[in-house]
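Peer 1: My request is simple: use the sequences and hints to build the entire structure.
Protein chains in written order, with our numbering: chain A, 359 to 801; chain L, 2 to 550.
Just so you know, these hints were derived from the structure itself, not from any lab. Here the structure is a predicted model, which means the values were calculated and not measured. Ideal Cβ positions, reconstructed from N, Cα and C, are used throughout, including at glycine. Don't take each hint at face value.
[Claimed, not checked] Interface residues of chain L toward chain A, partial, derived using beta-carbon atoms under 10 Å:
(1) 121
(2) 125
(3) 167
(4) 168
(5) 490
(6) 491
(7) 493
(8) 510
(9) 512
(10) 514
(11) 515
(12) 517
(13) 519
(14) 523
(15) 537
(16) 538
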Amino acid sequence: MPVTLRVKRAKRTKRAQRTKRAKGMKKIYIVVIFLLALVVTLIFATGMMGRPKPGVYIKKLKDSHYQLIANRKPYIVKGACYNPIPIGENHEYDWWSDPHTPWLRDGKLMQEMGVNTIRVYQPHENIEEVRRVIHDLYALYGIRTILGHWLGFWEYPCPFYSDKAFQDRIKKEVLEMVAAYKDEPGILLWILGNENNYSCWGRVNPWSDEEIDKEADPQKKNLLRAKIYYTFVNDLAREIHGVDPDHPVALGNGELVGLDIASKVCPDIDLVACIIYRGKTFGNLFQSLKATFDRPILLSEFGADSYDAYKNLEDQNMQAFFLESQWRQIYENLAKNKKGAGNCLGGTIFEWTDEWWKHNESDPKGYKIHNPEAGWSSGSYYFDIKAPGNMNMNEEHFGIVALSEELESGLNKRIPKKSYYVIREFWKNPNLNPKNKKGAKSR
Amino acid sequence: MTKSKIQKSRQKNKFITIFLFLLVIAICHMPYAICQSYAQDNNKLFTLTKQIIEAKTNIELYVPFEELKNVYFKDNKYTEFVEFLKSLGQKKDRLEPFTNYYMALARYYQLKYLEETQNWDEYFNNGNTYRDEFVSAIQKTIDSTMFKEPLHLYAKLILWQFHKDQEDAFAESALLDLMNTTLGYAREEQNTKPIKDVADKLSSYGEKGKSKELYRIYVQKLIGSLKEDRELENIALEFYKEENLELSEALYDAYIERIAKTYPKEKSISILTDIVKLFSYKDESPNDAFYAEKIFEKIEDIGGKEAFTEELMYLRAFNLEKVKEHIKAKDIYIDLVKCYPLTTHADEADFKVGIIYTYVVRDVNSGKTYFEKLAQKENVSPQVVSGLYQLGLLNQWEEDLAKAKEYYDKLIERAKDDFQETVTLTKERLKEIDEAKPIEYNLKTFLDVSLKEEYMMLDMSKLDLKAQPYRTKKEDNVNITSQIYLAESGCFQVELQYLWSGHIGTTKPSSSKGTFDTKYLHSGTKEVNLVVVSPTGVVDRDIVMADVY
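Peer 2: Listed below in structure tokens is the structure:
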């Protein structure tokens, strides 16, 4: 065969092979594109079928660490309990409709301090007014609101948690509250009850029913009550989730009392909101909770008063000392801090402003007096425990902002106490073991 | 240059370095030298620094560093100490674990001092810095020392104290680490001082179980080096006098173990008797009634009941009564009267048995038997009168008023002009009978709660009533206190009522008071009763007996 012919044939063969290969590649491309399209479609379809992440939720990390997520960012609750009762008024005062809008004055002060959350024990009846407060605080100052419900704890007669009619009425109130405010962007979470669990142990607002009365063993009586109460709270939580999947539901609880029972009957509770007055620190609270009821914790009431009942004089330093120490421990136990329990979400200090009516609510004259008499005793607040009868807790002096009788635009002038500044500085630069600082960073 | 010349030159340089360093320190402390005390301190600082710089081994560093610390700490000059340590640490690498440890120690005590003196400006301005410095310095010490070194142990001890003081979440793991390190150290090392230091600190923080464990190890190591029993006893007594009862007990235990093997029965009992007298309950000196009872049991094991003299038996019963081991106390009081019918404590013992049977055991009939026994006695003692009062009272409560009146009348007849405290109470009861009124409210509540079936679940565990002193002279002050153990109620103050009754002396305590001071004008065994009531019902009851001579 001539050389030219051989070359031509070889070229033809190569071309044929190339064409064949190209055709094969084309098929592969089509398959790959098809598969990619399928995957994208599936991802899209799955996304469409599943819910987007809720606005506020709790993320469980490794080692049972928990983080509160709001708007897709970790959120440390740096809050205060808010009940701005003016001098001369008592708890019945409707501050929500106060034309002088105390929340605007306070919101600004809070923002300057670094407060990002307020806790309200129960909203007012007027939905529009409550919405306005929640909206104003969030829109103007970025402050979110935790709304709670007393669950009838202060009703007279005592709250009968085993009574069906009582349960139904409270459930209706709670669900109406959730329905009314769940779409407010400023809402952070719901807290059910406060220290209602103490009623199960018969020390405060005791209640009973026929079945409980039949039980002779006092300890078993308490357990029966606790089971009834916590089951009821869990029912509420489940129903709230049905109405509002966007916000976590907390069980308000005095100390850790009864949480061993709650752990068995409260699967629908997202977090525990504890009321703790243990002085300088919270002791082994965080680890204990982990062992008892593995849920994140919000310190929903803690703090110290600014009155030395022993020396009988105002002592703002004492309050600042306790509060700074308490915040340090809160930060040590936030998620991602290797040494802490990692189950703390933050806290709401008790409280924003002093309340002058609290010492003796049956005496209206006393509402205008900043009463120096203590209402209860706690040895953990040791500076003034030697006060007569060991009564050292001055209920009217728990605010981190004092009220003056002098009016400013119709409101009692706000005078931040030492703790306001000390905590502000702490939040700016939380002083922990340097190794742990990374874990503490957040909004 | 020759080799010897080089060596001489090096030595000279070293000397100059040390001299210059000491000179700098002396200059630093010049302002203080104005005062004589400061001059003395400076001399001491100079000497100690020299010792530290010239120390050839780490062992030689412990004493001068400790003394150095004392010089600064006595005037609370923590920051000055830290500055001094920083400059010292830079001079020699070998000193760094020590300078870091003492820097941490200084910051630890400085924070405490600022809190105690309420020096808030410095606390808030620098507290966080001090805390950081503490954590950083103590960690450096731990990292740069071996577990066999006492400094390693001390660093872990102060780290645990730091967390324990803050009651934070790390206290538990720090304690575990401290214990493991100390036990590891004890296994390897013969120097017992660090073990005792850790045990002492644990004990002072109330970690009794852990301190006991370490004291046991310390004692084992110590007795290995002691040949004479006497030496061991003396050391045990020394620690008792220092009020380190835990350690004293651990040493006495070792001593008792030794003598049990070698001494005859009588001698052992005599030694145990001396020990038990030390530890039995006394109002005025250190005691550990539970440890004393352990020794009483040992005496009984060795010599049986016959080994107990009248005084020893009374001591045992009294000791048990004071720690509220009522049932055991009652049995010993019964034995006392059985074994020594003529004992001077017979009336007191019978009365106390009657009280325990009636109000603790809730066995009224047995109680009455002992009160009746007293009532039958010819000689009138305070307890005979009180026994008659109790019989009258129990009959009055049982609504057998005629019988009650009979006992009360008999009491007044036998008391004549004496025993006025009991006579006054009796007259009050008689007035109630005459006017057909119920027993005074507080007393009746106590009787109801102690004797009625419906209060059976109240077992005196929620209330602890105490008298100080338990044994007193007429007209001396007695402090009666109560401690209540209630369920948590958070910031809700539970309003409690204190219903006091019985022989409460010259004071009439109000129902809002959980404590009061009183005096007794007449001798006898004075029973004080208390019932505590909360808004939801009776919390508990308790009874306490004070002996007035």
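Peer 1: Using 10 Å as the Cβ threshold, decide whether residue 167(L) counts as touching chain A.
Peer 2: holds, 6 Å
Peer 1: When the nearest CB of chain A is found for residue 519(L), is that gap smaller than 10 Å?
Peer 2: violated, 18 Å
Peer 1: For the restraint on residue 515(L), tell me whether the closest CB of chain A is nearer than 10 Å.
Peer 2: holds, 9 Å
Peer 1: With a cut-off of 10 Å, does the beta carbon of residue 490(L) approach a beta carbon of chain A closely enough for the hint to hold?
Peer 2: holds, 4 Å
Peer 1: The hint names residue 512(L) as touching chain A; please verify it with the least Cβ-Cβ distance against 10 Å.
Peer 2: Given a least distance of 13 Å, the restraint on residue 512(L) is violated.
Peer 1: Could you check if residue 125(L) really has its C-beta closer than 10 Å to a C-beta on chain A?
Peer 2: Where the cut-off is 10 Å and the nearest Cβ of chain A is about 6 Å from residue 125(L), the hint holds.
Peer 1: Next item in the hint list is residue 493(L). Is there a CB on chain A closer than 10 Å to its CB?
Peer 2: Where the cut-off is 10 Å and the nearest Cβ of chain A is about 5 Å from residue 493(L), the hint holds.
Peer 1: Is the shortest C-beta separation between residue 523(L) and chain A less than 10 Å?
Peer 2: Not OK, violated: residue 523(L) not within 10 Å of chain A, min 31 Å.
Peer 1: Can residue 514(L) be said to touch chain A, with a Cβ gap under 10 Å?
Peer 2: holds, 8 Å
Peer 1: Was the hint right that residue 168(L) lines chain A, CB cutoff 10 Å?
Peer 2: holds, 5 Å
Peer 1: Classify the hint on residue 491(L) as holds or violated, based on whether any CB of chain A lies nearer than 10 Å to its CB.
Peer 2: holds, 4 Å
Peer 1: Is the interface hint for residue 510(L) satisfied, with its Cβ closer than 10 Å to some Cβ of chain A?
Peer 2: Interface hint status for residue 510(L): violated (13 Å vs cutoff 10 Å).
Violated hints, listed in ascending order, are 8, 9, 12, 13 and 14; each of the other numbered hints is respected by the structure.
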